[in-house]
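S.K.: Take a look at the letters that make up each chain.
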Amino acid sequence: MIRLNNISVAYEGGQDNPSHQNALDNISLTIEKGECIVLCGKSGCGKTTITRLLNGLIPMFYPAGLQGEVMLMGKSTRDMTIREISQFVGSVFQNPKSQIFNVDTTGELAFGCENQGLSRDAIHHRLKQSVQDFSLEKLINRDIFRLSGGEKQRIACGSIYAMNPDIYVLDEPSSNLDLQSIGQLHNILKQLKSQGKTIIISEHRLHYLKELATRYIFLEDGKILNEYRPAELEAVSEADKRKMGLRTQDFDQIDSKRVAKQPLKEVAMDFQQLLVRRNKQTILKMANLQIRKNTVLAIVGENGVGKSCLIACVMGFLNYQGDILLNGSKKNKQARQAESFLVMQDVNSQLFARTVFDEVLLGVKSPDLKKAHAILDQLGLSALSQRHPASLSGGQKQRLAIASAIYGQKKYLFFDEPTSGLDRQSMEAFCQLILENREVVDVTVIITHDLELILGCADEVLLLNRDLSIDLYPLDEAGIKKTRTLFINLYEKQLQKEGLYV
Amino acid sequence: MPAITLQSNSVVKIDPRTKLVLFLLINIMMMGNKPVIVEVLLAGISCLLLLNGRLIKETLLYGGLFFLLLAIDSGYGLQVSTPIGQGLIIASRMIRLFLPMVMCFTVLMKNTTVSEFIAAFQKAHLPMGFIIPFAVMVRFVPTVKEEYQAIVQAMSYRGIPMGVKAVLFKPFMTLEYVMVPLLISSAGVMDELAAAAMTRGLDRDSIRSNLVDVKLRLPDYTLMAGVIIIFILMKKGWLG
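Heads up: the protein sequence lines correspond to chains A and B, in order. All residue numbers in the first sequence are consecutive under this note's numbering, ending with 502. All residue numbers in the second sequence are consecutive under this note's numbering, ending with 240.
Incorrect hints may have been included.
[Unchecked claim] Every beta carbon over 10 Å from chain B, so not counted as near; a handful from chain A, in silico:
| id | residue |
| --- | --- |
| 1 | Asn-22 |
| 2 | Lys-97 |
| 3 | Ile-123 |
| 4 | Gln-281 |
| 5 | Lys-285 |
| 6 | Asp-346 |
| 7 | Gln-350 |
[As the list claims (entries may be wrong)] Once the Cα atoms are required to be at most 25 Å apart in a straight line, the calculated DSS-like pairs of lysine-lysine come out as:
| id | chain 1 | residue 1 | chain 2 | residue 2 |
| --- | --- | --- | --- | --- |
| 8 | A | Lys-223 | A | Lys-243 |
| 9 | A | Lys-330 | A | Lys-371 |
| 10 | B | Lys-145 | B | Lys-123 |
| 11 | A | Lys-370 | A | Lys-333 |
| 12 | A | Lys-243 | A | Lys-210 |
| 13 | A | Lys-493 | A | Lys-481 |
| 14 | A | Lys-333 | B | Lys-110 |
| 15 | A | Lys-223 | A | Lys-293 |
| 16 | A | Lys-330 | A | Lys-293 |
| 17 | A | Lys-33 | A | Lys-223 |
| 18 | A | Lys-365 | B | Lys-13 |
| 19 | B | Lys-57 | B | Lys-110 |
| 20 | A | Lys-210 | A | Lys-42 |
| 21 | A | Lys-285 | A | Lys-330 |
| 22 | A | Lys-293 | A | Lys-265 |
| 23 | B | Lys-34 | B | Lys-165 |
| 24 | A | Lys-482 | A | Lys-493 |
| 25 | A | Lys-365 | B | Lys-170 |
| 26 | A | Lys-33 | A | Lys-190 |
| 27 | A | Lys-331 | B | Lys-165 |
| 28 | B | Lys-34 | B | Lys-235 |
| 29 | B | Lys-145 | A | Lys-128 |
| 30 | A | Lys-493 | A | Lys-190 |
| 31 | A | Lys-333 | B | Lys-13 |
| 32 | B | Lys-123 | B | Lys-57 |
| 33 | B | Lys-170 | A | Lys-333 |
| 34 | A | Lys-493 | A | Lys-210 |
| 35 | A | Lys-138 | B | Lys-13 |
| 36 | B | Lys-57 | A | Lys-280 |
| 37 | A | Lys-138 | B | Lys-165 |
Since the hints were derived computationally from the structure, they do not count as laboratory data. Bear in mind the structure is a predicted one, so any value in this text is a computation, not a measurement. Built from N, CA and C at the ideal position, the CB exists for glycine as well.
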């Protein structure tokens, strides 16, 4: 069905950046109908490049030097346009924000079919089928800008499904999703597989693909290093997987060597009778909650339970009733903003300066150059100090944000899902970074859906539930067990719930 | 399962072409020399369009501001003699000039779906080479808005001043701090959007069908005729 013959790909302009010189290096791969292929490996190993070859974006959209031949159903992609390929290859991308062309959900579901020139009746029929099979009833006729990432991703899948392609190409579809949405994605893939569709999926997170994958292709530096059948990959030890940069397949196997034990320090963040209401509905309620100094706090919970709200309250972006005491005193908005720093999910919208060095100095009245250099050095950014922030990789941008926070002597550091889309190495590097800097900041708060991250660096876990109840517990042995069970239950509950529809 | 609709949420369906024609005509008329009665009529029509799109908040805000400024102008306009007072009156007239335009633009952006635009333009036999960039533009406006909000938040805790004072006294610095991240992140989003749209088969050569049914109906003709009649009457000088 799909054949890649001796493919090499070099991105244009890749010469300046040696790591990208050859995105793919003479690889060959044959995929049969009905297979579910998982492409895995570290960031920059060439996973995404393969998906772009299959939907024709390389070389027709992203300029790149391509050698070799991609054969789809017996035809070379060189002889087809992206539109012709789109008749039988459907693509789902990583970022939910940037793959929905319409401003309304129904328009998006119909969009692909309209481009194929189907009749109105046929489109109606396909839409109904899509909505029914993926249980999208609640999502039709909605404004795109009011959907969560998981909901957008389901719409994207539904829109492709309505086009009825034989081949599905997914590029890290789970990286912006919470556990529930990943469960839903699992069910969608399961259904596609049962219909005999061919699925190619590039992914870091492997746990949700366990019963779906027929083959794992392991890539490194643009080469196929190894190929595993499911049983073979499960037999690979966790230590080896770690060397390969693979995320875990099994929540039970995540190691948690460190047990957090904090001496009882003074209270740094104190929430008293906090109440947040929006549209006459209570979205967050906290009677009494204290976070002690130098704590790394992980906030977990389903999408839409007010995790980001809590951060917005502390930073003064949102109005609330009750009190938030920081180091024992109530402070006004400006004072709180001066002491806190938020690293957003999309770091791009918070880099302002022309060079990395200026970015660190930004907003500080009397700059101390020596200290700035020292911090950049410590975070491994000194070689990049004259580069433009926009030219950095995602991980480097995060480091830069942390560098500015530490330099600005910010006391409260917030992260909104920092490890979505990171491979294992980068995720572990992030944990390391947090642990190294925890003594410098008063409180580090991380919103996350990533169990590996939580067990890797958090001291305490704050669980927000849909019924507004909260649970704060230290990550000691009992806490680790509790969190693990929580994640397993959340995911499996979703599988069973959706199982009724499938 | 609720019925599948592709239309924007309006009381009476208005064709995107009508909205565009009204937008252009109202622009031309507001910019030219016109009596107050024409201004009132055009602002009234714009308010009606907003109300039709159930954009209540916007109607109250823009419509209210327009008529408030008008009332102040006609009540005190001639009595003001100090330079500052006259300056304020001129400023208020400038703002008034743009309000109907803003209202029509809001209707175009907030009350029209991408599918409606594409369908209407295809019916008007415009080339895809025009339709696709236009559809991208419609999608671009809310994207920029979303990014802008994130940037302003980030500025607040990076210690970059943002507000009336900063815009007035350090306009270029503020502009740079807003525009650079805005352009970089919006450009990234738009690039990926274009790639996604192409893999869904959008192409200059594609022969598209449209699920949404756009048609010029009685309300469309009435609206357009109304504005054209105002235009002719104004040119003839019959409106005072």
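S.K.: Each hint should be assessed against the structure and marked as holding or not.
M.R.: Right, here's what the structure says about each hint:
no. : hint                      : result
1   : Asn-22                    : 22 Å, holds
2   : Lys-97                    : 6 Å, violated
3   : Ile-123                   : 5 Å, violated
4   : Gln-281                   : 19 Å, holds
5   : Lys-285                   : 24 Å, holds
6   : Asp-346                   : 7 Å, violated
7   : Gln-350                   : 4 Å, violated
8   : Lys-223(A) <-> Lys-243(A) : 16 Å, holds
9   : Lys-330(A) <-> Lys-371(A) : 30 Å, violated
10  : Lys-145(B) <-> Lys-123(B) : 30 Å, violated
11  : Lys-370(A) <-> Lys-333(A) : 31 Å, violated
12  : Lys-243(A) <-> Lys-210(A) : 20 Å, holds
13  : Lys-493(A) <-> Lys-481(A) : 18 Å, holds
14  : Lys-333(A) <-> Lys-110(B) : 32 Å, violated
15  : Lys-223(A) <-> Lys-293(A) : 47 Å, violated
16  : Lys-330(A) <-> Lys-293(A) : 17 Å, holds
17  : Lys-33(A) <-> Lys-223(A)  : 23 Å, holds
18  : Lys-365(A) <-> Lys-13(B)  : 56 Å, violated
19  : Lys-57(B) <-> Lys-110(B)  : 12 Å, holds
20  : Lys-210(A) <-> Lys-42(A)  : 19 Å, holds
21  : Lys-285(A) <-> Lys-330(A) : 19 Å, holds
22  : Lys-293(A) <-> Lys-265(A) : 6 Å, holds
23  : Lys-34(B) <-> Lys-165(B)  : 35 Å, violated
24  : Lys-482(A) <-> Lys-493(A) : 16 Å, holds
25  : Lys-365(A) <-> Lys-170(B) : 16 Å, holds
26  : Lys-33(A) <-> Lys-190(A)  : 15 Å, holds
27  : Lys-331(A) <-> Lys-165(B) : 23 Å, holds
28  : Lys-34(B) <-> Lys-235(B)  : 9 Å, holds
29  : Lys-145(B) <-> Lys-128(A) : 32 Å, violated
30  : Lys-493(A) <-> Lys-190(A) : 16 Å, holds
31  : Lys-333(A) <-> Lys-13(B)  : 45 Å, violated
32  : Lys-123(B) <-> Lys-57(B)  : 32 Å, violated
33  : Lys-170(B) <-> Lys-333(A) : 23 Å, holds
34  : Lys-493(A) <-> Lys-210(A) : 16 Å, holds
35  : Lys-138(A) <-> Lys-13(B)  : 24 Å, holds
36  : Lys-57(B) <-> Lys-280(A)  : 18 Å, holds
37  : Lys-138(A) <-> Lys-165(B) : 45 Å, violated
Hints 2, 3, 6, 7, 9, 10, 11, 14, 15, 18, 23, 29, 31, 32, 37 from the list above are not met by this structure, while the remaining hints are.
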